[in-house]
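Protein chains: 4
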Amino acid sequence: MSKSRVEMLSDGIFAIAITLLVLTIPPPAHYQHLGHELTNRWPSLAAYAVSFGVIGIMWLNHHSVFGNFARVDRGLFYLNLALLMTIVFLPYPTGVLGEALRRGQGARVAAVAYSVTMTVNAYAWGAVWLYASGRRRLLEPEFPEDRRAGATLAFTVGTILYTLSIGVALLNAYACLAFHGLLAVYYALDPLSRRASRAAAMADPGSP
Amino acid sequence: MSKSRVEMLSDGIFAIAITLLVLTIPPPAHYQHLGHELTNRWPSLAAYAVSFGVIGIMWLNHHSVFGNFARVDRGLFYLNLALLMTIVFLPYPTGVLGEALRRGQGARVAAVAYSVTMTVNAYAWGAVWLYASGRRRLLEPEFPEDRRAGATLAFTVGTILYTLSIGVALLNAYACLAFHGLLAVYYALDPLSRRASRAAAMADPGSP
Amino acid sequence: MSKSRVEMLSDGIFAIAITLLVLTIPPPAHYQHLGHELTNRWPSLAAYAVSFGVIGIMWLNHHSVFGNFARVDRGLFYLNLALLMTIVFLPYPTGVLGEALRRGQGARVAAVAYSVTMTVNAYAWGAVWLYASGRRRLLEPEFPEDRRAGATLAFTVGTILYTLSIGVALLNAYACLAFHGLLAVYYALDPLSRRASRAAAMADPGSP
Amino acid sequence: MSKSRVEMLSDGIFAIAITLLVLTIPPPAHYQHLGHELTNRWPSLAAYAVSFGVIGIMWLNHHSVFGNFARVDRGLFYLNLALLMTIVFLPYPTGVLGEALRRGQGARVAAVAYSVTMTVNAYAWGAVWLYASGRRRLLEPEFPEDRRAGATLAFTVGTILYTLSIGVALLNAYACLAFHGLLAVYYALDPLSRRASRAAAMADPGSP
Chain W
1 MSKSRVEMLS DGIFAIAITL LVLTIPPPAH YQHLGHELTN RWPSLAAYAV
51 SFGVIGIMWL NHHSVFGNFA RVDRGLFYLN LALLMTIVFL PYPTGVLGEA
101 LRRGQGARVA AVAYSVTMTV NAYAWGAVWL YASGRRRLLE PEFPEDRRAG
151 ATLAFTVGTI LYTLSIGVAL LNAYACLAFH GLLAVYYALD PLSRRASRAA
201 AMADPGSP
Chain E
1 MSKSRVEMLS DGIFAIAITL LVLTIPPPAH YQHLGHELTN RWPSLAAYAV
51 SFGVIGIMWL NHHSVFGNFA RVDRGLFYLN LALLMTIVFL PYPTGVLGEA
101 LRRGQGARVA AVAYSVTMTV NAYAWGAVWL YASGRRRLLE PEFPEDRRAG
151 ATLAFTVGTI LYTLSIGVAL LNAYACLAFH GLLAVYYALD PLSRRASRAA
201 AMADPGSP
Chain B
1 MSKSRVEMLS DGIFAIAITL LVLTIPPPAH YQHLGHELTN RWPSLAAYAV
51 SFGVIGIMWL NHHSVFGNFA RVDRGLFYLN LALLMTIVFL PYPTGVLGEA
101 LRRGQGARVA AVAYSVTMTV NAYAWGAVWL YASGRRRLLE PEFPEDRRAG
151 ATLAFTVGTI LYTLSIGVAL LNAYACLAFH GLLAVYYALD PLSRRASRAA
201 AMADPGSP
Chain D
1 MSKSRVEMLS DGIFAIAITL LVLTIPPPAH YQHLGHELTN RWPSLAAYAV
51 SFGVIGIMWL NHHSVFGNFA RVDRGLFYLN LALLMTIVFL PYPTGVLGEA
101 LRRGQGARVA AVAYSVTMTV NAYAWGAVWL YASGRRRLLE PEFPEDRRAG
151 ATLAFTVGTI LYTLSIGVAL LNAYACLAFH GLLAVYYALD PLSRRASRAA
201 AMADPGSP
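Note that the protein sequences, when read in sequence, are chains W, E, B and D. Counting in our numbering, the first sequence runs from 1 upward without gaps. Counting in our numbering, the second sequence runs from 1 upward without gaps. Counting in our numbering, the third sequence runs from 1 upward without gaps. Counting in our numbering, the fourth sequence runs from 1 upward without gaps.
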């Protein structure tokens, strides 16, 4: 199985999912007080921005993680497919959360649905990593052994943080959305991952 | 005609069709009892998951099958286009089936529509294979002759199983959805195809 | 400007437009008589199939035509963009035509809208060709001079036939849809184009 | 981080955003006076055409600008993501503006929303450029120093012109749409950028 073709399929699916997000912002119901109608939709806009950031940063991390794999086998393909399924699903809870916040109805339920989606996603990430790195099944030979445990820890912390987001959702939907925004920023700035990609860059010239 | 460009077009269409599936889950009608509204939609979610798996596994098989072709001619292009037309159509019966199951109305009709779509798809797969493998028209020279009959048998069994799914749909819509899920798992685990891809991998180093 | 990147952008837009077509089939309004509801939608399905074929065959021809260009400049980029704009627009009149035929209201108007879109598309094709082939501005040096006039004639005939389809639309909407289906088949079988691609294939080994 | 993969992700997102625009044209509400219904929608069509041109030309400029970058780092990736977020958002204000003009209600508010989106987009372009060109952080070594100030000036003028479009929107929504069309044409014809791409083409043979 060609790794680059699986990466291209993943890239395509990321690109489409991130673009479909705009369809989650409900069009104005009437145009008489359009300014009011549009500013009222700010929670949809906020949810759109958070999910856009989440998917964009995930694309980057997907890129980094797969860069450490020497090849893709059927098992990884199916786990990656499960991961993509949760990403592609994200526009649905994004739309529901934005609309629930605007209406002031069902916001906590919507935030739970959003957090559950993200949690399943985090577990799919963990499964991808554990499958590919376990006994170095698909890892690049250049990948340093001491970084393996660190990465596993990072994925484990990720699943715990996202599971926690379900609790935050039960408390307050706005706090939950902010929490997901902060998690995205954390993953964007994550020094571990940056160190990793620098290490990968150094290892790169050595690869054929 | 460049084979890689036809494969890239197919990949793109697979990626978009799999992503559009999320639009088949109907948004909540009201937000007052949102928890109830969302859990009520589990048949749409189940149909989404089955169709997602179906398209993902088909992408993989498309990849495997085309990997055995030396080139693409106009005839194969048009048959592949017909195949893509049935895949791209899948979101429609997926959405109808999920909604019919939720409403408890028209579920068997919807399951028949889903199964007919999948059956036409199976025939399109058969046509692609028979056209390309007949008199080894487009097969790689490395493709072993004794695997040709086995593959033709596998495609024939596929068309029979999918035709059978129309009968299952007439009995029970839930059973029909489960049947399609099982067929997808069967194609995902199919030892024949795995043996084939392993053989192809072995043949690969010998190709220029 | 990299020709391959313009071709990839075009390919992506073709792939998305062809996949969005499925959204033009209206979902069932009610599920009580679902069989009736779905079979009623056959004009939408027919319009979907015709437009799918049209876009698929255009992708192939786009591929052939651009294969004869040595490079892409800004002028060709903008004409190609205009061409893509008419292709991307096609789902709209496709959806309107299918629905108008089902309702038995406004079918001729809808068929005119469809035909006008296709006519503008044909003129855009003509403009792309005339711009790129005029004084051999962007043609491959290997492209035989005597094939140039033939191709120009073919594009001219295309614009005439599509303009004619507006007349057919005024007579009967079903006939118009069939006419567009036939035109697609004609472009799919077109011996001139097939001869051209064979000639291009022969010329290909000579190119660097 | 692979520059070509970031460019491919961007290309994919451009292609999808430009294709989703067609979904912003509202389908006919009734089919009895379909001719009237469709011709009434000309503002949606005009908004569609302007936004299509805007995104198409931006794709070209994205291509030109990134062609001058030697590589992509995390900072540029996130700024590019912010830029893509505003482009992907464009279908929403496009749809609202077309519908507001048709209804003759809320047109100025809709034009302001469109102009604000474009202004944020212009600032994102400026940020991409300033980040990558500042102290020549990511510029190709071949990029001539004297062209740097000119390009910075062009981006600054762009942000001013787009900020001005908010004022035009407050005066008249049609004028605002025309203004955005003219800005797109200006960016399409922009002699500076054409000179730049010619210079880049000349520099190209010297690059490895």
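These aren't lab readings, by the way, just hints derived from the structure by calculation. All figures in this text were calculated on a predicted structure; none of them were measured in a lab. Hints may contain errors.
Computed Cβ-Cβ distance ranges for the label pairs, DEER-style [what the hints assert, rightly or not]: (1) Thr152/E to Leu130/W: 25 to 31 Å; (2) Tyr131/B to Gly75/D: 48 to 54 Å; (3) Val185/B to Pro27/W: 36 to 42 Å; (4) Asp73/E to Leu130/B: 25 to 31 Å; (5) Gly167/D to Ala178/B: 38 to 44 Å.
Derived pair list, reagent style DSS-like, types lysine-lysine, alpha-carbon separation capped at 30 Å [stated by the list, open to error]: (6) Lys3/D to Lys3/B; (7) Lys3/E to Lys3/D; (8) Lys3/D to Lys3/W.
The beta-carbon is built from N, C-alpha and C at its ideal position, and this holds for glycine as well.
Hint consistency between Lys3/E and Lys3/D [alpha-carbon to alpha-carbon, up to 30 Å]: Cα-Cα ~26 Å, so holds.
Restraint status (C-alpha distance of Lys3/D to Lys3/W at most 30 Å): Between Lys3/D and Lys3/W the Cα gap is close to 18 Å, so the pair holds against 30 Å.
Beta-carbon spacing of Val185/B to Pro27/W - inside the hinted bounds 36 to 42 Å or not: Cβ of Val185/B to Cβ of Pro27/W: about 39 Å, so the range 36 to 42 Å holds.
Verdict for Thr152/E, Leu130/W (Cβ pair) under range 25 to 31 Å: violated (39 Å)
Satisfaction of the hinted span 25 to 31 Å by the C-beta atoms belonging to Asp73/E and Leu130/B: With Cβ atoms ~30 Å apart, the hint holds.
Range hint 38 to 44 Å (beta carbons of Gly167/D and Ala178/B) holds or violated: Distance hint for Gly167/D, Ala178/B is violated at roughly 52 Å.
Pairwise hint evaluation, Lys3/B against Lys3/D, where the allowed Cα distance is 30 Å at most: Between Lys3/D and Lys3/B the Cα gap is close to 18 Å, so the pair holds against 30 Å.
Range hint 48 to 54 Å (beta carbons of Tyr131/B and Gly75/D) holds or violated: Violated: the Cβ-Cβ distance is about 40 Å, outside 48 to 54 Å.
The structure fails to meet hints 1, 2 and 5 from the earlier list, while all remaining hints are met.
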